[in-house]
Amino acid sequence: MLPRLLRVALLGLAMSMPAHASTLADFDFTGNVSEAHYKAVISELRCLVCQNESLAGSQAELAQDLREEVYKMMDAGKTDDEIVDFLVARYGDFVLYDPPLKPSTWLLWFGPFVLAALALLVMGYTVRKRSRGVEQGLTAAERARVASLLSEGTENRKS
Amino acid sequence: MTPELGQFALILALCLAVVQATLPLIGTYTGSRQWMSVASTAAWGQFTFLSISLGCLIYAFVNNDFSVTYVANNSNTLLPTIYKVSAVWGAHEGSLLLWVFMLGAWGVAVAALSGKLPAVVRARVLSVMGMVGVGFLLFLLLTSNPFERLFPAPLEGRDLNPLLQDPGLAIHPPMLYMGYVGFSVAFSFALAALLGGKLDAAWARWSRPWTTVAWVSLTIGITLGSWWAYNELGWGGWWFWDPVENASFMPWLVGTALVHSLAVTEKRGAFKSWTVLLAITAFSMSLLGTFLVRSGVLTSVHAFATDPGRGIFILAFLCIVIGGSLVVYAWRAPAVTGGGRFDFVSRETLLLANNVLLVIVAALILLGTLFPLIYDALELGKISVGFPWFNKMFVSFMPLLIVVMGIGPIARWKRQDPAELAKHLRIAFIVSLLVGIVFALPMLPGASPLAGLGIGLAAWLVTSLATSLADRLRHKRGLAAVWRDITVQGRSYYGMVLAHLGMASAVVGVTLVSLHGMEKDVRLSPGQALEMSGYTFVFEGVESHQGPNYRADRGRVRVLRADEEIALLQPEKRTYTVQTKPMTEAAIDVRPTRDLYVSLGEPVGGGDWSVRVYYKPFVRWIWLGGILMALGGLLAVSDRRYRLPARSRHGVEAGTSPAGQEATG
Amino acid sequence: MKRPLLLIPAIVFTVMVVLLAVGLNLNPREVPSPLIGKPVPGFELSRLKDPQATLGSADLTGRVSLFNVWATWCVSCRAEHKLLMALAETGEVDIYGLNYKDDRDAALRWLQVYGDPYVANAFDDDGRVGIDWGVYGTPETFVIDGEGVIRHKVIGPLSADIVNERILPLVRQLNSRG
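Protein chains in written order, with my numbering: chain G, 1 to 159; chain H, 1001 to 1665; chain W, 2001 to 2178.
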């Protein structure tokens, strides 16, 4: 019973709109911070208390606080990397929707391409095996017969 | 009383499923026709009881029987009746009942429409389907009983999640489940072939329509889900690479590969063991999706109420069904291999490449979805894999797939001269390249290399399809003759054309809306206007409005273009009576080439509201693409070859069936 | 296709099942802290009871301590409070608190009614210090050693099991190091 209640409560938290919600409308985009840049950055950051939402979409309080932090940092001239480092230092890699490239994520970033290369090899081998093998050649008379049969066939195609 | 009846019906359905799973299969080994014919009867019986059970649950919802726990958790007297019905599959227990009901329905469909199938094959197919049914019914009855009672019965229910109170969401699960469950038919056919040790063109011909219909359902289900998310979530997004979305996309990709592989097996007798493996994999992906959504291993807004006990059950079920079938595959596949020869450059190779790419994309989606779990299990910590990664990977592989899609229909079976192929496709290539360049030129507004790539690829699909049709026309002159040539091609061919056009449409939509979409999030006072993308949005304030089970703040936004009013949009912020979470209802002005999307944010005092406005070019083309693909599939299934009276198919060798002599299509 | 190659799908599947089985025992929503093993984040806030005085990172060195993030609006904090009181009574560890995004008066009343296990409380009005500590939900409890380095983090309310199996052994171990 409790897990379900908890889930409903968390879902409610994720979707609730507290009294002093901040939306993007509250931010001033006429100064240092460009709206497009800001949105791009917050949409790639994860809301930690939600069930898979970004900082751009979530209305949770922590998400609002973090949106303001990010805005302040951008306004102060911090680079994207510095902002990301700031959040990762406090919340870990989990806060990033774009997983960092490091040895522990090589499987993730290179895996598909390794798989593709393997598949290519297997495919090449399979197809070559299929195409090898001598087929009985047709004599000229047989070839002519095939040609006439085929053209007959296409003309008699079902209407 | 009715809920007990429903539960009892489930138990009876389980008994019949057990019968269906065992007797016919034993019959195939003893050669007893009587035992084999039990399959159809059992299937009908099972479906009857499943219908009764589902009917009882629907009855409980419509009559507000809150003494049933599931009804109390998901319904309310104020809920409009249509949503009372769709609430039946709104949460875990009821949606599982729907799953099993669909399985029963597919079972009777196979029983009823497979008269031409040899009795042995039908017995095997229905038997395997029965086994799957046993698993799910046990799961239902042991861990997820929708008919559990609640004492004392509350006077009111907790209401259906407001997000689910939408027509799109009402049909989305049934369509999805029709797809997931439909792949169990292909799966059963595959296992039947393995067990029987024989796989010929006839087998492929029997499997194809079932698989295609399942694929069509899944296509519609996914399209509906995306369209609903766009409409209901208030942010104009249509795909988030959320684990549950991925759980539906993976079977779709493998299912697409399966549909194409079946075509090759039917026409050329090649790819037999690949087809069987794909059939097993497609259904496995469906089952895996069920696990991911209901076990709690992954976080998702879509996930059902989780319970590790349920997770263990499904995992065990997965082991038995998938593990078992893969072992049977490893053991029996050599009996069904062997097939036609084909050259390095041929339609077979291109279709193989197509399938390999589809499977790679499915595999990478699986990798991305499960990677956080892998990372955590290896104690490396917690990591998120989100849309940036998925988008990058997807865009890395899709272009190659689309290129192959263009060449495939043009290439000949068995042997294709590469030079001749290049000559055929020269015009299509040049046109596509030009179109791509136009959309990539920096001088044009909004152009970018990615836009060029996307639109160029879509153009490639269209032009190569046109080339394919032109190739098939024997007469180039004379309207009547040309028309006759066109109509003679066959529905199967046009099904392919339509489906591939659907792909082109989706690519155009995705490219343009992703790259050229615009949004603004501003605070507006009543009377204030906002300009964007050549449109003026005049905010006229917000009024209160009462709905059947909610209270809404309804805004009025007039949309002008060049000072002429073209639309009046009324976005809402709804507070539902029971589940008081506020919900946004976006207001959308829909035109063929663009959507204008407005949603309310928050009241910020003094009558001012924050308002979000989006310009979404060509977004509808994405779902149009899905619809076209589904229509294409339906067209292909209605092809005359599936409606011809039976000719003896027994012992027909692959590649020499009449299908092989038909024009390719 | 050779027989051993045909087993590859089955093998891949087995690996996946093992992974999923392990996954059933993990909690995907629990975010571990990258601050473990690092010194306490620098901060200085006004105290809850005496707004003129401050409580900062400097106060968290010298003795092994617990840093408990709580608020009156947090239901689970109420649940764990008795355990905190009991812990404070043992005297084995100092408990400092971070009153997170709360109302000062309400918090003071709360401590009066339910008891005050804290040596001192820092008042984090806007939650900024909470962000520096990587707080994403209350309650959270950090174990800090004598040098001011964070050694452990408990996410969610304390339970008797957590106190007995995770906190007390660690506190004793850190204390014995001197």
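No wet-lab data here; the hints were simulated from the structure.
No residue lacks a Cβ here, since even glycine has one placed at the ideal position from N, Cα and C.
Some hints could be false.
If you anchor each label on the Cβ, the simulated ranges turn out as follows [as the list claims (entries may be wrong)]: (1) H:Arg1415 with G:Ala36: 45 to 55 angstroms; (2) W:Gln2173 with G:Ser104: 21 to 31 angstroms; (3) W:Thr2090 with H:Ile1320: 45 to 55 angstroms; (4) G:Ala36 with H:Thr1580: 53 to 63 angstroms; (5) H:Gly1606 with G:Ala36: 20 to 30 angstroms.
Pairs of lysine-lysine residues, derived as BS3-like cross-links and limited to a Cα-Cα distance of at most 30 angstroms, are as follows [to be verified]: (6) H:Lys1520 with G:Lys72; (7) W:Lys2038 with G:Lys78; (8) G:Lys39 with H:Lys1520; (9) W:Lys2153 with G:Lys102; (10) H:Lys1476 with H:Lys1423; (11) W:Lys2038 with W:Lys2049; (12) W:Lys2153 with W:Lys2038; (13) W:Lys2049 with W:Lys2153; (14) G:Lys78 with H:Lys1414; (15) G:Lys39 with G:Lys129; (16) H:Lys1476 with H:Lys1198; (17) G:Lys129 with G:Lys78; (18) G:Lys39 with H:Lys1581; (19) G:Lys72 with G:Lys102; (20) G:Lys102 with H:Lys1392; (21) G:Lys129 with H:Lys1116; (22) G:Lys78 with H:Lys1116; (23) H:Lys1476 with H:Lys1581; (24) H:Lys1116 with G:Lys39; (25) G:Lys72 with W:Lys2038; (26) H:Lys1476 with H:Lys1414; (27) W:Lys2082 with W:Lys2049; (28) W:Lys2082 with W:Lys2153; (29) G:Lys102 with G:Lys78; (30) W:Lys2082 with G:Lys102; (31) G:Lys72 with W:Lys2082; (32) G:Lys72 with G:Lys39; (33) G:Lys129 with H:Lys1520; (34) G:Lys129 with H:Lys1476; (35) H:Lys1423 with H:Lys1520; (36) H:Lys1392 with H:Lys1520.
Every beta carbon over 10 angstroms from chain H, so not counted as near; a handful from chain G, in silico [claimed, not checked]: (37) Asp75; (38) Lys78; (39) Ile83; (40) Ala89.
Against the structure, the hints:
{"no.": "1", "hint": "H:Arg1415 with G:Ala36: 45 to 55 angstroms", "in the structure": "53 angstroms, holds"}
{"no.": "2", "hint": "W:Gln2173 with G:Ser104: 21 to 31 angstroms", "in the structure": "29 angstroms, holds"}
{"no.": "3", "hint": "W:Thr2090 with H:Ile1320: 45 to 55 angstroms", "in the structure": "52 angstroms, holds"}
{"no.": "4", "hint": "G:Ala36 with H:Thr1580: 53 to 63 angstroms", "in the structure": "35 angstroms, violated"}
{"no.": "5", "hint": "H:Gly1606 with G:Ala36: 20 to 30 angstroms", "in the structure": "29 angstroms, holds"}
{"no.": "6", "hint": "H:Lys1520 with G:Lys72", "in the structure": "20 angstroms, holds"}
{"no.": "7", "hint": "W:Lys2038 with G:Lys78", "in the structure": "24 angstroms, holds"}
{"no.": "8", "hint": "G:Lys39 with H:Lys1520", "in the structure": "10 angstroms, holds"}
{"no.": "9", "hint": "W:Lys2153 with G:Lys102", "in the structure": "25 angstroms, holds"}
{"no.": "10", "hint": "H:Lys1476 with H:Lys1423", "in the structure": "18 angstroms, holds"}
{"no.": "11", "hint": "W:Lys2038 with W:Lys2049", "in the structure": "29 angstroms, holds"}
{"no.": "12", "hint": "W:Lys2153 with W:Lys2038", "in the structure": "12 angstroms, holds"}
{"no.": "13", "hint": "W:Lys2049 with W:Lys2153", "in the structure": "26 angstroms, holds"}
{"no.": "14", "hint": "G:Lys78 with H:Lys1414", "in the structure": "60 angstroms, violated"}
{"no.": "15", "hint": "G:Lys39 with G:Lys129", "in the structure": "53 angstroms, violated"}
{"no.": "16", "hint": "H:Lys1476 with H:Lys1198", "in the structure": "44 angstroms, violated"}
{"no.": "17", "hint": "G:Lys129 with G:Lys78", "in the structure": "58 angstroms, violated"}
{"no.": "18", "hint": "G:Lys39 with H:Lys1581", "in the structure": "25 angstroms, holds"}
{"no.": "19", "hint": "G:Lys72 with G:Lys102", "in the structure": "29 angstroms, holds"}
{"no.": "20", "hint": "G:Lys102 with H:Lys1392", "in the structure": "17 angstroms, holds"}
{"no.": "21", "hint": "G:Lys129 with H:Lys1116", "in the structure": "36 angstroms, violated"}
{"no.": "22", "hint": "G:Lys78 with H:Lys1116", "in the structure": "72 angstroms, violated"}
{"no.": "23", "hint": "H:Lys1476 with H:Lys1581", "in the structure": "64 angstroms, violated"}
{"no.": "24", "hint": "H:Lys1116 with G:Lys39", "in the structure": "60 angstroms, violated"}
{"no.": "25", "hint": "G:Lys72 with W:Lys2038", "in the structure": "25 angstroms, holds"}
{"no.": "26", "hint": "H:Lys1476 with H:Lys1414", "in the structure": "27 angstroms, holds"}
{"no.": "27", "hint": "W:Lys2082 with W:Lys2049", "in the structure": "20 angstroms, holds"}
{"no.": "28", "hint": "W:Lys2082 with W:Lys2153", "in the structure": "19 angstroms, holds"}
{"no.": "29", "hint": "G:Lys102 with G:Lys78", "in the structure": "23 angstroms, holds"}
{"no.": "30", "hint": "W:Lys2082 with G:Lys102", "in the structure": "44 angstroms, violated"}
{"no.": "31", "hint": "G:Lys72 with W:Lys2082", "in the structure": "39 angstroms, violated"}
{"no.": "32", "hint": "G:Lys72 with G:Lys39", "in the structure": "14 angstroms, holds"}
{"no.": "33", "hint": "G:Lys129 with H:Lys1520", "in the structure": "58 angstroms, violated"}
{"no.": "34", "hint": "G:Lys129 with H:Lys1476", "in the structure": "40 angstroms, violated"}
{"no.": "35", "hint": "H:Lys1423 with H:Lys1520", "in the structure": "49 angstroms, violated"}
{"no.": "36", "hint": "H:Lys1392 with H:Lys1520", "in the structure": "26 angstroms, holds"}
{"no.": "37", "hint": "Asp75", "in the structure": "17 angstroms, holds"}
{"no.": "38", "hint": "Lys78", "in the structure": "20 angstroms, holds"}
{"no.": "39", "hint": "Ile83", "in the structure": "15 angstroms, holds"}
{"no.": "40", "hint": "Ala89", "in the structure": "14 angstroms, holds"}
Checked against the numbered hints above, the structure breaks hints 4, 14, 15, 16, 17, 21, 22, 23, 24, 30, 31, 33, 34, 35 and satisfies the rest.
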